[in-house]
Each structure stands twice: as C-alpha cells, then as structure tokens.
Amino acid sequence: MFKTLIVILMSSVLVNNYVLSKFLGICPFLGVSKKLDQACGMGLSVTFVMLVATVATWPIQRFVLDKLGLGYLQTIVFILVIAALVQFIEIVLKKYIPSLHKSLGIYLPLITTNCAVLGVTIQNISDGYNFLESMVSSLGCGLGFLLAMVLFAGVRSRIENCNAPKAFKGLPVTLIAASIVSLSFFGFAGIIENLLG
Amino acid sequence: MKNNKLSILLRGLLIENPVFVLVLGTCPTLATTKTVIGAISMGLAATVVLICSNVVISLLRKVIPDKVRIPCYIVIIAGFVTVVSMVMHAYLPQLYELLGIYLALIVVNCIILGRAEMFAREHNVGESALDGIGMGLGFTLALLCMSTIREVLGSGSWAGIEIPFMQGHTVSILTQAPGGFLVFGIMIAIVNAVTHGKGVKKKDFGCEGCPSAGICGGNCADKDEKEEKENV
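From first to last, the protein sequence lines stand for chains A and B.
According to the numbering used here, the stretch in the first sequence is residues 1 to 197, in order.
According to the numbering used here, the stretch in the second sequence is residues 1 to 232, in order.
Just so you know, the hints here were simulated from the structure itself, not pulled from any lab data.
Fair warning: there could be bad hints in the mix.
Claimed, not checked - Chain A side only, calculated, beta carbon under 10 Å to chain B, not exhaustive: (1) L73; (2) N114; (3) A167; (4) L175.
To be verified - Derived pair list, reagent style BS3-like, types lysine-lysine, alpha-carbon separation capped at 27 Å: (5) A:K102 / A:K34; (6) A:K95 / B:K67; (7) B:K67 / A:K102.
We put the CB at the ideal spot given by N, CA and C, even for glycine.
Here chain B stands alone, though its shape is the one from the complex:
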C-alpha cells in the first residue's frame, strides 16, 4: 500500500510527466519559460492550485452530479486561482507583475482540469493530494528544464545571475516566441528518442489527454475518424 502511494507521487514527476509525456498545459509552458524565476513561480502557483482543487474535488466527488461536473470543477479551480493570485498580489507583487495574465489563466490550464477529470474524481482524498503534489512538481520540473535552456542560451544568465563566459554568445531568439516552440519541440523529440517512441502518450492531440473530452463526449474525434473512414 505504501509502495502504491509512493508510486502515485513519483508518477507525476517522470513517467507521467504532465508536460513532456501527457503534453498538457502547453500554453503556460511556452509562455512563462523565458526566465527561470517566472517558470518556477508559475509552476509553484499551479502546484498549489492543483493540490487544493484535487483535494476538494475528491472530497466532493460523491456530491457533484455527473452531468454538471465540469462547471463545478471550473468554479472550484477558479476559486483557488483567485486565492493564489490575491496572495501573490499582496506578498509577491513583482512575481504577480511578471506572470500577469497567465496567473489568471491557470483556470483554463488543461493539467488541473485534466487531473480532476482523470484522477481526483475516482480516488480518495489522500491519493488525490499525492497526485496533485506529484503532477504539480512534475510540471514545475518541466518548466524549470525549459526555462534553464532558454535563459542560459538566450540571455546568458540563470535566474537572473549572469554566467560570465556566456555573455556575448547568446541566441536571443530563444527568449522570444519562436524559441519557445523550438525548445519544446526538441525536448519532446529527446523524450521520444530516449524512450524509443513509447514515452510520449499523446502522439497527436487525441481525446485521452483532452480535458474537454468530458464536455464534448469525444464527438470531435469521432467526426475525424468517420471522415477518414469515408475517405478510405
């Protein structure tokens, strides 16, 4: 049993890393990894929201009617996002400014809704909390990797500390929008190569990882398949 709990916690870090393996939450991954500090604060803010919402959703899993569960989850998540952003506004105003609009957008971060849908609604409170911690730290770890690459190569510093011999040899495009796509693409390719193509769960963006699947009931993919069959 203990082993099982540990595996829930560790799963989020590597084997089912939300960013590189499940490919969820792409928007903040690309947007906040320009700097290491921004990435870590985004990761931790999302982790707090994820743990809290997982716990509450798991507590309420028998109360919430199945048909209206997605709106209920969204309200719970939005509540915690508001709490986190108010706390950051009060105590860490610089980070609040740095993250800007992306802090409010944690609400629509696929990882949080996805974990609610895939995990918290079927497991008890303790397991859901562990899953939240694991997934949240996995997300933070992935953001840290991305931002380290982008900041060290792109602006020759790490978390604002200048690296002496890197100055003057920077690839500044990496800190801008195209660099985000490029580094993310290469990271996923590395995961692919290391695991011989078995690693990345979502070869393409299918319904398994899509939190909206709960709402659309897989209609979007069905249409795709039907069309393909018709074409064949």
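Excised from the complex, chain A in its bound form:
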C-alpha cells in the first residue's frame, strides 16, 4: 500500500512530469518562469489548487456522477467546480490571510484556465485511483510542476543574458531551452523500476 503511494508520487514528479512530458500547463510554465520567486509562487499555488480540486472532484465523480449515471457531464462539472473553488479560495485568502493573498493572489485567477489542474482531476478518475491515491498523485503532479518551474526559472535567467541569433530571440530560444530541460528529465525514465521494483 505504502509502496504503491510512493511509486505514484515519484512517477508523477519525475517520470510523467506534467509540464515536461505531458505538455499540460505550458502557458504558466513559459509565462511566469522569468523570475525565481514568481515561479515558486505559481508552482505552490498550482500544487495547492490541484490538491483542493481533487478533494472536491473525486467525491463528486464517485458519489454523484457515477451514482446517477451522469459520467458524461464530467468535463462541465469539473471545470465549473474548479473555477468556483479558485474564486472561493481567493475570497477566503483575501479576507483572512492577506499576506498569503498578496503573494499568491495574482496567480489564482490564471489557474482557473490552467489545463494541468483539470488534467490531473480527470486523469485521477480515468486511472481508477482511490481517494488516497488521487491525493498523492495530485500532490506529485503539483510538486513536479513546481520542480519544473523552479529549474526552468534558473535556466531562463541565464538565457536572458545570452546573445541568441536575431530570429531566435524571445520565445523560440525559451522553447529550445525547455526542450533541453525536458530532455534532461529523460534521465529519470526507469528510475522507479530500479529503485522500487
């Protein structure tokens, strides 16, 4: 049991990294990774929202949609639940923890339309995880996103200063750097089987 959870966690952080191998959440990955503190803030917010979204959507799928045979409404229900949750979290943070709202608040609205959050909730259902496994998988995906953001923020601060060819300036060179970071994550392939198998 414990081993299964570790495998799920490790594989979603390293091997099946949401940004670098599944291409989910590319917009914030490229958009907010310019500075390290912003990258951390975004990564933490995404992790937090993923966990909360899983807490909300897993029971809805299991006890409402599946029971009533409304599985086809999954997409609509999930996106609305996530959007409402994000708004709710923002209001609560603003009222009770203003300091946290100040640092994370600006990222929260962006997360509503982040495909990584919707992706992880749908993936948890289609992988047939139970509640605990879903939570661990969401935590892993969030941490994987945070790891990718932080690593890439470091890479990007170097790119800003380099003298790229004219046509490659800006976005193209960033994408090519992302390609190399993604390549480096290939090194983790098989690590799960070797460590825990």
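Chain A is already provided as a structure; the job is to place chain B on it using the hints.
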C-alpha cells in the same frame, strides 16, 4: 463588405495564425503532434468546438452580463466539448483513444476562450462563425505542419504511411516530449525570420493574448511592470 468577410476568414489562416503568430493553445500543439492523424483530428475537433462556441457566444453577447461572462463562456465551451467527445467516442473510438485526455482539455484551450473574449463578444453571428472557421483551420494547419515534421523525421512515415527511404534514418527524439518543444521553437524562429520579427505578436507571454486577462484584469502584468520600475 464581401472583402471584409473574406479577410476575417483568411486572417486566421496566416496573418493571425493562432499557433505561430498569436501563440495560443500551446499545450495541444505540443502534445498531439506526434502523429499526423492525431494532429488533424485534434485540429478538427477544436475547430468544431470553436465555430459552435463562437456562434453561441455571439448570439448571447447582449444577454450575458459582463461580470460573469468568463464562467458563461466556459459552460458553453464545455458543453460543446462534451458533445464532440461523445460523438467521437461513438463513431471514431480509435481517435477518441488516441487523443485521450487532450480531447476533454479542449475546454481550457486558450484559442477558444481567447476568440470568445477577443472576437465573438464584439461581432455579429456571421462574422464570428467565419472567424471560428478561419482560426480553427489555422490551428489545424499549424498542427499539420508541426506533425508532418515530427512524424516524417521522427518515425519515417506520414499519417501512418511509411516513407521508404526514410526508414532507418529516423530521429526518434522528435516524436517524444523534447522534440515537441524543439520543433515548435524552430517554427516560431522561422516565422520570426520570414517576417523580420514583426510576425509573432506575442514576443513574450503578455496580457493581449492571455484569455485569463478578463479575469485577472491585467493585475499579473501590472505587478511585473511595477516591480521593474521599482528596480530601475
């Protein structure tokens, strides 16, 4: 007037190509272009959703209150995505399996929400439909270009048809995750070079192209600029 309509239709294909010029919808562009078949089906599915949602949003543009427009758009888009995915599940089960999770994720595709926000809410039904067709086909065309490069060089075939002399000379990394970033980067660089840097609208990911700008009201960028000013 006719000329104007034609230009709306054609704009999405080249001048304002959603992928290479506006740089929207990066996630499906990178994820579904491993194979030509996957790319075309993704493109067409998104096109159908885009046309339908553009038409409905344009019809309802006077009814939807400004403050809650984004949730309304999301519900409309999610409805059409569900319809498309159910139709694909019923009639094209292989493509449904191939696209998997990315089919449901058309909901959060920036192109669709972006066009609703930037175009459909200010134009009439006919123009919005044309814009949907143009943008959708532009998206499909861009996916087709990317997937052709990746599949021909990466697995030596095109849409599953093997190309004889390419076998055994493949660069298999192109069909995997790093190849997606690499090919996309090079394509944007080519657009940059051809148009002398005027082509790509979004030099960086700014608020103009970001559909979330409607929700955040440009706060994210403001903070950036303020910080930069403070630093200066």
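To see whether the hints hold, each was checked on the structure:
Because the closest C-beta pair between L73 (chain A) and chain B is about 7 Å apart, less than 10 Å, the hint holds. The criterion of a C-beta within 10 Å of any C-beta in chain B is met by N114 (chain A), whose closest approach is roughly 7 Å, and the hint holds. Interface hint at A167 (chain A): satisfied, since its Cβ lies 4 Å from the closest Cβ of chain B, which is below the 10 Å cut-off. Satisfaction of the interface hint for L175 (chain A) is found here, the shortest Cβ-Cβ separation to chain B being roughly 3 Å, below the 10 Å cut-off.
Using a Cα cut-off of 27 Å, the hinted pair K102 (chain A) and K34 (chain A) holds, with the two alpha carbons roughly 19 Å apart. At roughly 21 Å between alpha-carbon atoms, K95 (chain A) and K67 (chain B) fall within 27 Å of each other, so this suggested pair holds. Restraint check: the Cα-Cα separation between K67 (chain B) and K102 (chain A) comes to about 23 Å, which is no more than 27 Å; the hinted pair holds.
Hint check: no violations occur; every hint is consistent with the structure.
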